[in-house]
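Dock chain B against chain A, hints included.
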Amino acid sequence: MNAALAIIALAVVVALGLGLRARSGHDMDMEQWSVGKRGFGTLLVFLLMAGEIYTTFTFLGGSGWAYGKGGPTYYILCYLTLIYVISYWILPPAWRFAKERNLFSQPDYFAARYDSQSLGILVALVGIVALVPYMVLQLKGLGIIVATASYGAISQTVAIWIGAAVLTVYVMVSGVRGSAWTAVLKDFMILFVVMFLGIYLPYHYYGGIGEMFTAIDTAKPGFLALPDRGQSATWFASTTLLTALGGWMFPHIFASIYTASDARTFRRNAVFLPLYQLMLLFVFFAGFAAVLQVPGLTGPDVDLSLFRIALQTFPPWFVGVIGATGVLTALVPGSMILIAGSTLIAQNLYRPLARNATDATTGRLAKGIAPLLAIACVGFTLYGGETIVQLLLIGYAVVTQLFPAFFFSLLRNNPLTRAGAMAGILAGVTAVAITVVGGYTLAKLFPGLPGPVQDLNIGVVALALNLAVAFAVSLAGKRTRQTALS
Amino acid sequence: MKQLRWLAALPALGMLAGPFFLNRVEPLVLGMPLLLAWLVGCTVATSAIMGLIYLTDPANREPEEGP
Chain A
228 MNAALAIIAL
238 AVVVALGLGL
248 RARSGHDMDM
258 EQWSVGKRGF
268 GTLLVFLLMA
278 GEIYTTFTFL
288 GGSGWAYGKG
298 GPTYYILCYL
308 TLIYVISYWI
318 LPPAWRFAKE
328 RNLFSQPDYF
338 AARYDSQSLG
348 ILVALVGIVA
358 LVPYMVLQLK
368 GLGIIVATAS
378 YGAISQTVAI
388 WIGAAVLTVY
398 VMVSGVRGSA
408 WTAVLKDFMI
418 LFVVMFLGIY
428 LPYHYYGGIG
438 EMFTAIDTAK
448 PGFLALPDRG
458 QSATWFASTT
468 LLTALGGWMF
478 PHIFASIYTA
488 SDARTFRRNA
498 VFLPLYQLML
508 LFVFFAGFAA
518 VLQVPGLTGP
528 DVDLSLFRIA
538 LQTFPPWFVG
548 VIGATGVLTA
558 LVPGSMILIA
568 GSTLIAQNLY
578 RPLARNATDA
588 TTGRLAKGIA
598 PLLAIACVGF
608 TLYGGETIVQ
618 LLLIGYAVVT
628 QLFPAFFFSL
638 LRNNPLTRAG
648 AMAGILAGVT
658 AVAITVVGGY
668 TLAKLFPGLP
678 GPVQDLNIGV
688 VALALNLAVA
698 FAVSLAGKRT
708 RQTALS
Chain B
7 MKQLRWLAAL
17 PALGMLAGPF
27 FLNRVEPLVL
37 GMPLLLAWLV
47 GCTVATSAIM
57 GLIYLTDPAN
67 REPEEGP
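Just so you know, the sequences run in chain order A and B. Residue numbers for the first sequence follow the numbering used here, beginning at 228 and rising by one. Residue numbers for the second sequence follow the numbering used here, beginning at 7 and rising by one.
Watch out, some of these pointers could steer you wrong.
Stated by the list, open to error - Examples of chain B residues lying across from chain A (beta carbon under 8 Å, computed):
id: 1; residue: L22
id: 2; residue: P25
id: 3; residue: F26
id: 4; residue: R30
id: 5; residue: P33
id: 6; residue: L34
id: 7; residue: G37
id: 8; residue: L41
id: 9; residue: T49
id: 10; residue: T52
id: 11; residue: Y60
id: 12; residue: T62
id: 13; residue: D63
Honestly, the hints are just simulated from the structure, not real lab data. Treat the numbers as computed from the prediction; the structure is a model and nothing was measured. Ideal Cβ positions, reconstructed from N, Cα and C, are used throughout, including at glycine.
Pulled out of the complex, with its shape left as it was, chain A reads as follows (with noise of 0.2 Å):
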């Protein structure tokens, strides 16, 4: 074993040790392992909130896509930015209805508010469709920083199997808690490692930060800003608005909001969670000090990049620590994602069918069918390796469908009825699906559109399909309830 490993390992060590902590002095059951008992202050669910959105697409894919497609990583820092704008005004009420009625989920709320166990089902169906392919991304990177951290000893597949392993075994033990107190580690460290390679590398390879970005500038002229077509400023707008709308919609980011002991901790977040989206740019430092040393990785194989300047400019042991952070950075979204997967497929799947059932047993249900998601994700990291950002994207539009019906629940009148609530999201999850299993974009479906409009994102056109079913059948429903009134 070489030393990068043997820090990895350490650093696996030491995160399985404090989420055995975490549970000394607590009660493991449902309340606890999924939402921490509703008790965790400001720091706490910042450390969370941070650590969750912070994940191995961040750390391998920001600095991949800086390195393989420059400009539009940009809209990585917008959108996080704008998540906790949106926070401040979302997540008080949201959380202050979840806490009256003791809610554990996401498809709770919606069939809470909706008052309709049949959108909660439809919610946990959309959920689990969409942490499939986040999860899939935390395994696949895991993966890539094992394999490489391990200089070849360890294959790709055996590092997955590893991942998940000891994500499940984690996750087992530990619940919601650990995933917080891994989280304060994860972030020390990941301060630590990016503004290190993001000043670092700069200095090193070009003599700092401007050289860099002049000798980019210069080689490949334009890489820098948006291309006029493609991922032009409209593909950014579009796309920037739609991630930050979709962000909380994903069940293991929601799920998060219930962990709070106050509301305020959430306005309070929302004023310090932009700056720290600061670090990101060091992200893009490093993915671009990458451009003109380790040119040549294309497709998939930019996500390499980050590691294989690593290895060519820092010792074994360094290679490690940053292997380590890389590590962590996939362990705390990742557990995030198996308890609230699990959590939605006990709570919002088996229990509206299994009218005895207790909460003793849908915790112990939730906790077995932890294992068996985590193996199914490993599945799809192993066969459905190509069509990884394919899934991302899906991902991110499908949970995006939830949002109307989230945000006019919000609203003193809902304008949406229960079946309106539906019919728009089964309207816009399909949409999607068809749209990217065809992989249609504007332009292929719509040639005579001026071209900046065809470069909108494809999930708008989702989104308004959804909006406009959802307020026609809502009206609908409502005109014929009058009528049999009348």
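For chain B alone, coordinates are given in the frame of chain A:
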């Protein structure tokens, strides 16, 4: 001071509309391409504005909710 909350739309607008007007690399600002520097500026402005909104929001002056 509830009207202050509309200020939150400014940085969002800057991020969504900025790329249409500032989509260029030169001149570098603080060593960064112009577009990136603008978006970073919007992020910092977001935090400042959200801080202002937090301080003036009457909801935060009521006693703490929860246990």
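Checked hints:
{"no.": "1", "hint": "L22", "in the structure": "holds, 4 Å"}
{"no.": "2", "hint": "P25", "in the structure": "holds, 4 Å"}
{"no.": "3", "hint": "F26", "in the structure": "holds, 5 Å"}
{"no.": "4", "hint": "R30", "in the structure": "holds, 6 Å"}
{"no.": "5", "hint": "P33", "in the structure": "violated, 10 Å"}
{"no.": "6", "hint": "L34", "in the structure": "holds, 5 Å"}
{"no.": "7", "hint": "G37", "in the structure": "holds, 3 Å"}
{"no.": "8", "hint": "L41", "in the structure": "holds, 6 Å"}
{"no.": "9", "hint": "T49", "in the structure": "holds, 5 Å"}
{"no.": "10", "hint": "T52", "in the structure": "holds, 4 Å"}
{"no.": "11", "hint": "Y60", "in the structure": "holds, 5 Å"}
{"no.": "12", "hint": "T62", "in the structure": "violated, 12 Å"}
{"no.": "13", "hint": "D63", "in the structure": "holds, 7 Å"}
Against the hints set out earlier in the document, violations occur for numbers 5 and 12.
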